[in-house]
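Participant: Listed below are the residues making up each chain.
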Amino acid sequence: MTNPQQQPITRPGRAMLVQLWRENPIFRQVLGICSALAVTNLVFNTALMCAGLIWTTTMSSLTVSLMRNTIPRRVRVMVQVLIIAVYVIVVDIVFRTLFFETHKDIAAYVGLIVTNCIVLGRLEAFASKNRPLASAADGLGAGLGYSLILLSVAAVRELLGFGTLLKNTAWETVVLRGWEPGVYETWWRNWTIMVIPPGAFFVLAVAVWAARAWSLRQEAAAAKEARP
Amino acid sequence: MIAEAAGGTPGAALIVVLLSAALTDNILLSRFLGMCPFLSVSRQLKSALGMGLAVLFVTTGTCVLNYWLYVYLLRPLAAYGVPAESLKLILFIVVIAAFVQLMEMLIERVSMKLYYALGIFLPLITVNCAILGASLFMVNNVASGRFGTWQVLTYGFGTGLGWLVAILLMAGIRHRLRNAKVPPGLQGAGITLIITGIMAMAFVIFQGMVKV
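If you read the sequences in order, they're chains A and B.
Okay, so the first sequence: first residue is 1 according to the numbering used here, each after it adds one.
Okay, so the second sequence: first residue is 1001 according to the numbering used here, each after it adds one.
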């Protein structure tokens, strides 16, 4: 994951930026997509999941980093999982109170943030070795990097699958009016495949492909530049 | 999800639970759970089999344990104002972690050969979302009064079996893919995701077979 020759990253801002793009948890490492793919056919559900994950990574990174010298090594995974679970329960209760209808759909997936590999991965790789502020920034960056990709996947899926954006909210906008016989005689037909599971895999694969191809091209250009 | 349509004998109902858990509601292909180990361990058929068997065993065991704890401990406690819905998350994850730890110790005692075959996959299992997911979805079915102990046992087994089948299929396909030309940006995760999508399409077809 990290290059051994690289300097250890300890500055908070830098740690966040690295997680946000260069070591982006989704398209670099393809981690933690489990609990999110299932909700990415609606932008609003995805936004809630992302908010929950950002909160959980940031706060649990901060907590684990503060406790990093007191947690016994042998039981550290267990302790970390329990810390994550506490923050996830907070998210669950907040969502249940504020967004009752949406929460009914995504409740099981919110609970599954506990086993999201991104959270535990950042705790193991960064927070258990670094200072609190840098760890929180690292967690925040990982959460934002995850949200960046997932929200774009969700936007594509909802737009093509339902023809709307932010469906089931006060800000619902119909971008592409779907064709209904006798009601709307428009040219657009909604793509069912974007609503069902396979659509998520295809859109995410294309997103990963685009991001990787772009960074491969950047690397090639940088290598060319380095050579005189 | 269990089909009421099965009606008739309890055995037939159990088969429906098994089929829907393993095929139509495949935890990996229609619920997207357990993706991380699925993407990373499916490079070789042998390790895929080891991981799949470990998941199968742990899912079956923890589903039943979590069901008992939920019904006989958390639900009665809820009457005294204990927030059962929030606590179940912590309880389930602790049960899973403890179960994995115990199983590791037990296998180490009983068979060194099995320990070396499964050993490295066992710690990874605690953070496999498919296992926690199976318990959480199981609770949804229990809440609607459709699951008893036998159904939960079958459901856990079916879920694990579905995951095992999916990872074996994927390992086989990736083995064949080694000689294929894949664009550089798509290598690794990208192409695996596309194949998973195609597999998911095939599993969507099963949804007409067992009505949920």
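It is possible that part of the hints are untrue.
Here are the computed distance ranges between Cβ atoms for each label pair [said to hold, decoys possible]:
{"no.": "1", "chain 1": "A", "residue 1": "188", "chain 2": "B", "residue 2": "1114", "range": "29 to 37 angstroms"}
{"no.": "2", "chain 1": "B", "residue 1": "1187", "chain 2": "A", "residue 2": "225", "range": "18 to 26 angstroms"}
{"no.": "3", "chain 1": "A", "residue 1": "86", "chain 2": "B", "residue 2": "1175", "range": "50 to 58 angstroms"}
The calculated SDA-like cross-link candidates involving lysine to any residue, where the alpha carbons are at most 25 angstroms apart (straight line), are [said to hold, decoys possible]:
{"no.": "4", "chain 1": "A", "residue 1": "129", "chain 2": "B", "residue 2": "1124"}
{"no.": "5", "chain 1": "A", "residue 1": "224", "chain 2": "A", "residue 2": "21"}
{"no.": "6", "chain 1": "A", "residue 1": "104", "chain 2": "B", "residue 2": "1030"}
{"no.": "7", "chain 1": "B", "residue 1": "1181", "chain 2": "A", "residue 2": "213"}
{"no.": "8", "chain 1": "A", "residue 1": "104", "chain 2": "B", "residue 2": "1184"}
{"no.": "9", "chain 1": "A", "residue 1": "224", "chain 2": "B", "residue 2": "1184"}
{"no.": "10", "chain 1": "A", "residue 1": "104", "chain 2": "B", "residue 2": "1124"}
Facing chain B, according to a computed beta carbon distance under 7 angstroms, are these residues of chain A, among others [what the hints assert, rightly or not]:
{"no.": "11", "residue": "30"}
{"no.": "12", "residue": "37"}
{"no.": "13", "residue": "38"}
{"no.": "14", "residue": "51"}
{"no.": "15", "residue": "89"}
{"no.": "16", "residue": "108"}
{"no.": "17", "residue": "132"}
{"no.": "18", "residue": "133"}
{"no.": "19", "residue": "152"}
{"no.": "20", "residue": "188"}
{"no.": "21", "residue": "191"}
{"no.": "22", "residue": "194"}
{"no.": "23", "residue": "195"}
{"no.": "24", "residue": "198"}
The set of hints was computed from the structure by calculation and includes no laboratory data.
For each residue, glycine too, the CB sits at the ideal point set by N, CA and C.
Participant: Could you run down the list of hints and mark each one as holding or not?
Facilitator: Each hint tested on the structure:
1. In this structure, residue 188 of chain A and residue 1114 of chain B break the distance hint of 29 to 37 angstroms, their C-beta atoms being roughly 56 angstroms apart.
2. Our hint of 18 to 26 angstroms for residue 1187 of chain B and residue 225 of chain A holds, since their Cβ atoms are close to 24 angstroms apart.
3. In this structure the hint that residue 86 of chain A and residue 1175 of chain B lie 50 to 58 angstroms apart at CB is violated, the actual value being about 42 angstroms.
4. A threshold of 25 angstroms between alpha carbons decides the hint, and for residue 129 of chain A with residue 1124 of chain B the separation of about 21 angstroms falls inside it, so the pair holds.
5. Straight-line distance between C-alpha atoms of residue 224 of chain A and residue 21 of chain A comes to about 22 angstroms, which keeps the hinted pair within the 25 angstroms bound.
6. Restraint check for residue 104 of chain A and residue 1030 of chain B: satisfied, since their Cα atoms lie roughly 18 angstroms apart, inside the 25 angstroms limit.
7. For the suggested pair residue 1181 of chain B and residue 213 of chain A, the alpha carbons sit about 16 angstroms apart, so the restraint of at most 25 angstroms is met.
8. Distance hint between residue 104 of chain A and residue 1184 of chain B is unfulfilled; the C-alpha atoms sit about 41 angstroms from each other, more than 25 angstroms.
9. In summary, the hint linking residue 224 of chain A to residue 1184 of chain B is supported, as the alpha carbons are separated by about 18 angstroms, within the 25 angstroms threshold.
10. Proximity of residue 104 of chain A to residue 1124 of chain B is assessed by CA-CA distance (about 30 angstroms); at most 25 angstroms being required, the pair is judged violated.
11. For residue 30 of chain A, the interface hint holds, since its Cβ comes within 7 angstroms of a Cβ in chain B; the closest pair sits about 4 angstroms apart.
12. For residue 37 of chain A, the interface hint holds, since its Cβ comes within 7 angstroms of a Cβ in chain B; the closest pair sits about 4 angstroms apart.
13. This hint holds: residue 38 of chain A has a C-beta 5 angstroms from the nearest C-beta of chain B, less than the 7 angstroms allowed.
14. Violation of the interface hint for residue 51 of chain A is found here, the shortest Cβ-Cβ separation to chain B being roughly 18 angstroms, above the 7 angstroms cut-off.
15. A distance limit of 7 angstroms between C-beta atoms decides the matter here; for residue 89 of chain A the minimum to chain B is near 5 angstroms, and the interface restraint holds.
16. Given hint, residue 108 of chain A at the interface with chain B, holds; its Cβ is 5 angstroms from that chain's nearest Cβ, closer than 7 angstroms.
17. Against a cut-off of 7 angstroms between C-beta atoms, the interface hint on residue 132 of chain A is violated, since the closest Cβ of chain B lies about 24 angstroms away.
18. Checking residue 133 of chain A against chain B: minimum C-beta separation of about 26 angstroms lies over 7 angstroms; hint violated.
19. Taking 7 angstroms as the C-beta cut-off, the interface hint given for residue 152 of chain A is violated, the closest approach to chain B being about 15 angstroms.
20. About 23 angstroms separates the beta-carbon of residue 188 of chain A from the nearest beta-carbon of chain B, more than 7 angstroms, and the hint is not met.
21. A least Cβ separation of about 13 angstroms between residue 191 of chain A and chain B goes past the 7 angstroms threshold, and the interface hint is therefore violated.
22. For residue 194 of chain A, the interface hint is violated, the least distance from its beta-carbon to any beta-carbon of chain B being 11 angstroms, above 7 angstroms.
23. Proximity of residue 195 of chain A to chain B is violated relative to the hint, the smallest CB-CB distance being about 11 angstroms (cut-off 7 angstroms).
24. With its C-beta approaching chain B no nearer than about 4 angstroms, residue 198 of chain A sits inside the 7 angstroms limit, and its interface hint holds.
In terms of the numbered hints stated before, the structure departs from hints 1, 3, 8, 10, 14, 17, 18, 19, 20, 21, 22 and 23, listed from lowest to highest.
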